[in-house]
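Peer 1: Residues per chain, in single letters:
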Amino acid sequence: MSVAKHKFRVGRRGLILVGGAGLLVLALPPARALTRPSLQEAVNGFTGGTPVETGKVKLDVPPLVENGNAVGVTVTVESPMTAGDHVRRIALFNEKNPQADVAVFTLGSRAGRARIATRIRLATSQTLIAVAELSDGSYWSSSANVIVTLAACIEDLS
Amino acid sequence: MSRTLVSVPKTARAGEVIDIRAMIAHPMETGYRMGPNGQAIPRKIIRHFACDYDGEEVFSAEFHPAMSANPFVAFSTVATKTGTLTFRWTDDDGKVETASAEIAVS
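Respectively, the protein sequence lines represent chains A and B. End of the first sequence = 158 in UniProt numbering, gap-free, step of one. End of the second sequence = 106 in UniProt numbering, gap-free, step of one.
Warning: the hint list may mix true and false statements.
Stated by the list, open to error - Listed below are several chain A residues computed to face chain B (Cβ distance under 8 Å; list not exhaustive):
#, residue
1, 83
2, 99
3, 101
4, 105
5, 113
6, 117
7, 121
No lab work stands behind these hints: they were computed from the structure. Keep in mind the model is a prediction, meaning the values are calculated, not measured. Each residue gets a CB set at the ideal place from its N, CA and C atoms; glycine is no exception.
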């Protein structure tokens with residue numbers, strides 16, 4: 001009798017474990033994340049799998065944004081900008097907008113200074129990353145967290 | 001014809017790094033918004049921007065829907081000789097808007 005009771009208990013525990021695991025699986029892949037590449041995948045798509053180092057790039061963005069429809073962003077890269085050592089491209093990626101890409105800027109040695117500024121949209125509070133491709137083929141990055149109080153992209157016209 | 005706004009210094013010394021700012025009036029419709037009738041508003045954005053200095057491309061950019069309406073870009077270039085800077089914006093339909101500015105280099 002006691003043996004049977006023991007067995008029953010184990011079975012119930014097992015069931016709870018299975019149920020818990022099931023819930024975890026359900027919670028893991030949010031449906032929206034499947035429709036866009038992750039931040040890491042987007043960066044890999046830009047670099048072609050080359051490892052990205054942190055540094056050299058300075059990403060200036062306000063930490064708290066009231067209106068996500070126009071967020072001023074400045075990217076500066078430490079580079080002498082000579083024919084032999086310059087920044088080829090600067091790319092901006094976001095973490096939670098419907099699309100991971102924001103923009104890709106092509107500079108070259110004629111730019112004189114590796115700095116660009118622009119205005120972007122942010123759908124929600126998230127991480128931004130700026131990746132710079134140097135003329136020697138290396139990639140450098142910098143990221144920043146932004147808190148957005150009024151989101152872009154999702155408002156309807158009515 | 002969209003309204004464009006470019007800022008280029010009128011004069012510069014040879015070899016000087018000049019700051020350039022360019023903006024175009026454009027809604028940059030993302031394609032993710034709903035109209036009043038409940039239908040999605042089709043995407044219409046500026047896809048490509050380029051700046052030529054005397055025929056040579058010195059700067060270009062690929063835009064995605066995450067660029068804000070009336071896309072604005074600030075960048076720099078080295079003043080080499082007196083000439084014209086031409087700015088080109090290409091939208092989803094392949095329509096090109098242009099603007100230009102003269103610079104005198106001494």
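Peer 1: Against each hint, give a clear statement of whether it holds in the structure.
Peer 2: Each hint tested on the structure:
Residue-level restraint check for residue 83(A) is violated (minimum Cβ-Cβ distance to chain B is 11 Å; threshold 8 Å). Proximity of residue 99(A) to chain B holds as hinted, the smallest CB-CB distance being about 6 Å (cut-off 8 Å). Here the hint on residue 101(A) is kept, as its CB sits about 4 Å from the closest CB of chain B, short of 8 Å. Residue-level restraint check for residue 105(A) holds (minimum Cβ-Cβ distance to chain B is 5 Å; threshold 8 Å).
Taking 8 Å as the C-beta contact cut-off toward chain B, the hint placing residue 113(A) at the interface holds, the least distance being around 4 Å. Interface hint at residue 117(A): satisfied, since its Cβ lies 4 Å from the closest Cβ of chain B, which is below the 8 Å cut-off. Given the 8 Å rule on beta carbons, the hint for residue 121(A) holds: about 5 Å separates it from the nearest Cβ of chain B.
The structure is inconsistent with hint 1 alone, although it conforms to all the rest.
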